[in-house]
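Visitor: Here is how the chains run, residue by residue.
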Amino acid sequence: MSDKILIIVEQREGKLNRVSWETIAAGQAIAAATGWTLEAAVAGAGPAAIAAEIAGKKLAKVYAIDSPRLEPYTPDAFAAGLQQFITARQPKLVLMPHTYQVRDFVPKLATAMGRAVISDCIGFKHEGGKLLFTRQMFQGKLAADVSFTSDAPWFVTFQNGAFRGDQAEAGASAAPVETVNVDIPDGMVRTKPQPPFKEAKQAVDLTQAELIVAVGRGIKEQKNIEIAKQLADALGAELAASRPICDSGWLPMDRQVGSSGQTVAPKLYLALGISGAIQHIVGMKGARSIIAINKDSEAPIFEIADYAVVGNLFDVVPPLIEEVKKAKAGG
Amino acid sequence: MKILVCMKQVPQKDASLKLNETGTWIRDDVSYEVNEPDAFALEEALRQREKHKGEVVVITAGPGRAQQVLREALAKGADRAIHLEDNAFVGLDAFNTAKAFAAAIKDEKFDLIFTGLQSDDYGYAQTGVILAELLGWPHATIIMQIEKTDSGIKVKRELEAGYFQYVEMPLPAVLTIQSGINKLRYATLIGIKQAKNKPVRKVTLAEVQSAIGENLQNIEKLYVPQKTKKTEQIEGPPAEIAKKLVDKLRNELRVL
Ligand SMILES: Cc1cc2nc3c(=O)[nH]c(=O)nc-3n(C[C@H](O)[C@H](O)[C@H](O)COP(=O)(O)OP(=O)(O)OC[C@H]3O[C@@H](n4cnc5c(N)ncnc54)[C@H](O)[C@@H]3O)c2cc1C
Ligand SMILES: Nc1ncnc2c1ncn2[C@@H]1O[C@H](COP(=O)(O)O)[C@@H](O)[C@H]1O
Chain A
1 MSDKILIIVE QREGKLNRVS WETIAAGQAI AAATGWTLEA AVAGAGPAAI AAEIAGKKLA
61 KVYAIDSPRL EPYTPDAFAA GLQQFITARQ PKLVLMPHTY QVRDFVPKLA TAMGRAVISD
121 CIGFKHEGGK LLFTRQMFQG KLAADVSFTS DAPWFVTFQN GAFRGDQAEA GASAAPVETV
181 NVDIPDGMVR TKPQPPFKEA KQAVDLTQAE LIVAVGRGIK EQKNIEIAKQ LADALGAELA
241 ASRPICDSGW LPMDRQVGSS GQTVAPKLYL ALGISGAIQH IVGMKGARSI IAINKDSEAP
301 IFEIADYAVV GNLFDVVPPL IEEVKKAKAG G
Chain B
332 MKILVCMKQV PQKDASLKLN ETGTWIRDDV SYEVNEPDAF ALEEALRQRE KHKGEVVVIT
392 AGPGRAQQVL REALAKGADR AIHLEDNAFV GLDAFNTAKA FAAAIKDEKF DLIFTGLQSD
452 DYGYAQTGVI LAELLGWPHA TIIMQIEKTD SGIKVKRELE AGYFQYVEMP LPAVLTIQSG
512 INKLRYATLI GIKQAKNKPV RKVTLAEVQS AIGENLQNIE KLYVPQKTKK TEQIEGPPAE
572 IAKKLVDKLR NELRVL
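Chains A and B are the protein sequences, given in the same order.
Residue numbers for the first sequence follow our numbering, so the first one is 1 and each next one is one higher.
Residue numbers for the second sequence follow our numbering, so the first one is 332 and each next one is one higher.
Don't read these hints as lab results, they were simulated from the structure.
There could be a bad hint or two in this list.
[Said to hold, decoys possible] Incomplete in silico selection of chain B near chain A, CB under 7 Å:
#: 1; residue: H383
#: 2; residue: I461
#: 3; residue: E491
#: 4; residue: N549
[Unchecked claim] Taking lysine-lysine and the BS3-like style, the derived pairs with C-alpha atoms no more than 25 Å apart in a straight line are:
#: 5; chain 1: B; residue 1: K344; chain 2: B; residue 2: K560
#: 6; chain 1: A; residue 1: K198; chain 2: B; residue 2: K514
#: 7; chain 1: A; residue 1: K201; chain 2: B; residue 2: K487
#: 8; chain 1: A; residue 1: K325; chain 2: B; residue 2: K574
#: 9; chain 1: A; residue 1: K223; chain 2: B; residue 2: K524
#: 10; chain 1: A; residue 1: K328; chain 2: B; residue 2: K575
#: 11; chain 1: A; residue 1: K295; chain 2: B; residue 2: K487
#: 12; chain 1: A; residue 1: K130; chain 2: B; residue 2: K552
#: 13; chain 1: B; residue 1: K384; chain 2: B; residue 2: K524
#: 14; chain 1: A; residue 1: K223; chain 2: B; residue 2: K382
#: 15; chain 1: A; residue 1: K285; chain 2: B; residue 2: K575
#: 16; chain 1: A; residue 1: K192; chain 2: B; residue 2: K574
#: 17; chain 1: A; residue 1: K325; chain 2: B; residue 2: K485
#: 18; chain 1: A; residue 1: K229; chain 2: B; residue 2: K485
#: 19; chain 1: A; residue 1: K285; chain 2: B; residue 2: K558
#: 20; chain 1: B; residue 1: K574; chain 2: A; residue 2: K326
#: 21; chain 1: A; residue 1: K267; chain 2: B; residue 2: K560
#: 22; chain 1: A; residue 1: K192; chain 2: B; residue 2: K479
#: 23; chain 1: B; residue 1: K579; chain 2: B; residue 2: K561
#: 24; chain 1: B; residue 1: K552; chain 2: A; residue 2: K192
#: 25; chain 1: A; residue 1: K295; chain 2: B; residue 2: K575
#: 26; chain 1: B; residue 1: K560; chain 2: A; residue 2: K125
#: 27; chain 1: A; residue 1: K328; chain 2: A; residue 2: K229
#: 28; chain 1: A; residue 1: K328; chain 2: B; residue 2: K579
#: 29; chain 1: A; residue 1: K325; chain 2: B; residue 2: K560
#: 30; chain 1: A; residue 1: K267; chain 2: B; residue 2: K579
#: 31; chain 1: A; residue 1: K201; chain 2: B; residue 2: K485
#: 32; chain 1: A; residue 1: K267; chain 2: B; residue 2: K558
#: 33; chain 1: A; residue 1: K125; chain 2: B; residue 2: K558
#: 34; chain 1: B; residue 1: K579; chain 2: A; residue 2: K295
#: 35; chain 1: B; residue 1: K561; chain 2: A; residue 2: K295
[To be verified] Non-contacting residues of chain A with respect to chain B, defined by C-beta distances greater than 10 Å in every case (computed):
#: 36; residue: A52
#: 37; residue: G171
#: 38; residue: A175
#: 39; residue: G261
On a predicted model such as this, the values are computed, not experimentally measured, just so you know.
Beta carbons are placed, not taken as given, at the ideal position from N, Cα and C, and that holds for glycine.
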């Protein structure tokens with residue numbers, strides 16, 4: 001029997017999380033490199049419809065892991081249900097997207113099985129029969145190739161955007177789907193979750209903005225936000241921010257860009273004093289062009305910038321405001 | 332409430348990192364600071380103690396330099412500290428770090444353990460959840476609010492894209508705290524003075540060695556990531572940079 005790769009796709013309230021297509025693409029790439037068999041599973045209360053949805057992709061088999069206790073999501077139920085399934089199926093490698101939900105339960109699941117998770121990976125290498133997983137370290141300043149030193153199953157989670165979901169290959173025919181009931185005993189689930197909600201309505205919709213000036217902690221003080229605002233006004237751009245700026249209350253929450261804020265795709269994203277942590281980048285890397293002004297030449301934001309200004313924003317921005325004004329005035 | 336806060340010392344955000352000779356870790360001659368969410372975790376613990384009485388204990392695993400994190404926490408108001416002191420702790424994976432913590436606190440009875448939601452160096456995002464599983468406690472991650480209830484606690488979890496969720500759970504429990512849950516306080520002069528007399532329990536590697544094992548994952552190689560995008564450097568004195576940028580905005584990006 002050949003070794004197996006198991007992808008666990010994510011569903012929330014009966015809907016497939018689209019990042020799952022990326023995990024399938026990742027799994028297909030690893031299967032191609034290793035020659036291992038690729039299977040997928042979805043866990044939930046009656047997840048058969050989602051299982052059928054992913055069965056169209058090139059997979060040897062799809063499992064619907066079913067229990068009424070898997071809805072709503074709790075880490076206790078997911079870890080217990082998946083442990084049963086994985087113990088029975090014995091995959092060598094288990095792949096999941098690095099979502100908030102997965103990071104909530106996968107360390108528990110792996111620990112319960114005495115295994116490890118290589119988390120938030122951006123790629124893999126298959127060298128001399130050995131699998132290495134690449135992950136960012138030090139907030140993206142460095143990357144590491146990491147190997148498992150324990151026995152299988154090996155758990156790996158992939159960062160949002162690491163693989164392209166639209167490259168998940170379709171199968172010649174639909175993969176067979178099997179429902180597997182897992183038994184999650186009474187009293188196993190200790191937390192009581194309430195339904196997800198959104199805080200107050202968003203007043204600003206940055207998703208439609210053509211031009212964005214975004215400000216990060218490099219702005220240093222609340223009063224300096226004014227400089228960024230002046231630049232935004234001169235350009236006719238919306239003002240946005242990294243999370244710490246909104247956490248501090250220097251700008252309202254609805255101007256936050258990133259995994260816990262808005263996802264934007266403007267023509268121009270001008271980042272002032274933003275380091276470029278992955279949680280920020282996922283929200284703005286779809287911008288058509290990126291200008292970054294940062295005094296640290298090693299800041300990860302420069303890895304995705306089209307134009308890089310290594311320098312002090314307080315030196316660069318004031319003359320920039322003047323030049324933009326002049327240009328607008330037809331100078 | 333008796334609360335344990337896990338606080339890690341990590342390289343300063345803007346530190347220039349250099350690789351060691353084997354290319355598996357960084358050279359340690361950089362400046363360090365407390366891992367950002369851990370500072371928020373401490374603040375939250377202090378606030379809970381102010382409301383509900385009890386004790387705040389801080390713990391770190393790292394070499395001698397990591398004591399700085401504990402000193403700062405004591406100065407801000409933590410009651411006592413535990414220092415798993417050895418250079419070897421720097422190299423542990425999340426599984427073994429959690430095991431070392433579990434061993435170091437086996438004679439204590441906490442109601443809550445807080446960790447940061449992830450470390451700025453490894454970024455595993457795992458240590459807290461693993462610790463909960465090792466202790467057999469429930470957990471919740473990415474916490475933005477904590478309220479005591481009659482039967483335990485009610486917490487607010489952050490979800491993706493601006494969503495939140497309340498979760499009720501019994502105690503004892505482990506929570507991983509998100510940055511921005513509160514506003515940090517500064518240490519006062521009196522606090523700094525008092526910190527000098529607060530107890531710091533040292534735990535050696537030998538004391539927890541039997542609880543930990545080989546790492547389950549191994550960094551084979553650490554390196555500067557390869558750039559995939561072509562970036563044009565805009566250089567010169569500020570006034571010239573401004574002119575060049577406006578030229579790009581107008582003629583290449585056509586947004587002016
Ligand atoms: C689960 C989770 C969700 C998150 N969600 C988000 C999110 O939605 N959005 C988000 O933004 N973050 C998010 N974060 C936080 C993220 O990890 C970073 O901490 C954050 O993006 C850092 O913001 P920053 O770049 O403004 O600050 P820092 O990382 O502190 O960077 C400041 C930068 O300014 C530069 N600088 C300083 N002074 C100057 C100067 N005078 N001139 C020019 N440059 C200067 C520095 O070199 C540095 O690069 C999340 C984190 C987690 C763990
Ligand atoms: N060596 C350590 N010392 C103290 N706390 C730690 C250590 N390693 C991890 N932690 C805690 O675990 C959290 C998550 O770390 P990580 O799993 O590495 O992302 C951190 O925010 C800390 O609260």
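Visitor: Could you run down the list of hints and mark each one as holding or not?
Guide: Tested hints:
1. H383: Hint violated; H383/B Cβ to chain A Cβ min 20 Å, cut 7 Å.
2. I461: holds (5 Å)
3. E491: OK, holds: E491/B within 7 Å of chain A, min 5 Å.
4. N549: holds (5 Å)
5. K344/B x K560/B: Judged against 25 Å, a Cα distance of about 23 Å means the pair holds.
6. K198/A x K514/B: Holds, at roughly 22 Å.
7. K201/A x K487/B: holds (18 Å)
8. K325/A x K574/B: Given that 25 Å is the threshold and the Cα spacing comes to 11 Å, the pair holds.
9. K223/A x K524/B: violated (33 Å)
10. K328/A x K575/B: holds (15 Å)
11. K295/A x K487/B: Given that 25 Å is the threshold and the Cα spacing comes to 36 Å, the pair is violated.
12. K130/A x K552/B: holds (14 Å)
13. K384/B x K524/B: The given pair, whose Cα atoms are some 22 Å apart, holds under the 25 Å limit.
14. K223/A x K382/B: violated (33 Å)
15. K285/A x K575/B: holds (23 Å)
16. K192/A x K574/B: violated (58 Å)
17. K325/A x K485/B: violated (52 Å)
18. K229/A x K485/B: violated (39 Å)
19. K285/A x K558/B: Given that 25 Å is the threshold and the Cα spacing comes to 14 Å, the pair holds.
20. K574/B x K326/A: holds (10 Å)
21. K267/A x K560/B: At roughly 17 Å apart (the allowed maximum being 25 Å), K560/B and K267/A satisfy the hint.
22. K192/A x K479/B: Measuring from Cα to Cα gives roughly 14 Å; hence the hint holds.
23. K579/B x K561/B: holds (15 Å)
24. K552/B x K192/A: Violated - the C-alpha atoms of K192/A and K552/B are around 42 Å apart, more than 25 Å.
25. K295/A x K575/B: Measuring from Cα to Cα gives roughly 18 Å; hence the hint holds.
26. K560/B x K125/A: Distance of about 21 Å is within 25 Å: holds.
27. K328/A x K229/A: holds (17 Å)
28. K328/A x K579/B: holds (14 Å)
29. K325/A x K560/B: Roughly 30 Å between the alpha carbons, so the hint for K325/A and K560/B is violated.
30. K267/A x K579/B: Holds. K267/A to K579/B sits at ~13 Å (cutoff 25 Å).
31. K201/A x K485/B: Satisfied, since the Cα-Cα distance of roughly 24 Å is no more than 25 Å.
32. K267/A x K558/B: Given that 25 Å is the threshold and the Cα spacing comes to 22 Å, the pair holds.
33. K125/A x K558/B: Since the Cα atoms of K125/A and K558/B sit roughly 17 Å apart, the hinted pair holds (cutoff 25 Å).
34. K579/B x K295/A: holds (20 Å)
35. K561/B x K295/A: holds (19 Å)
36. A52: At about 25 Å from chain B, A52/A clears the 10 Å cut-off, so the statement holds.
37. G171: G171/A clear of chain B: closest Cβ-Cβ about 29 Å, beyond 10 Å.
38. A175: A175/A is indeed farther than 10 Å from all Cβ atoms of chain B, at 28 Å.
39. G261: About 7 Å separates G261/A from the closest Cβ of chain B, which leaves it inside 10 Å; violated.
The earlier numbered hints that this structure contradicts are 1, 9, 11, 14, 16, 17, 18, 24, 29 and 39.
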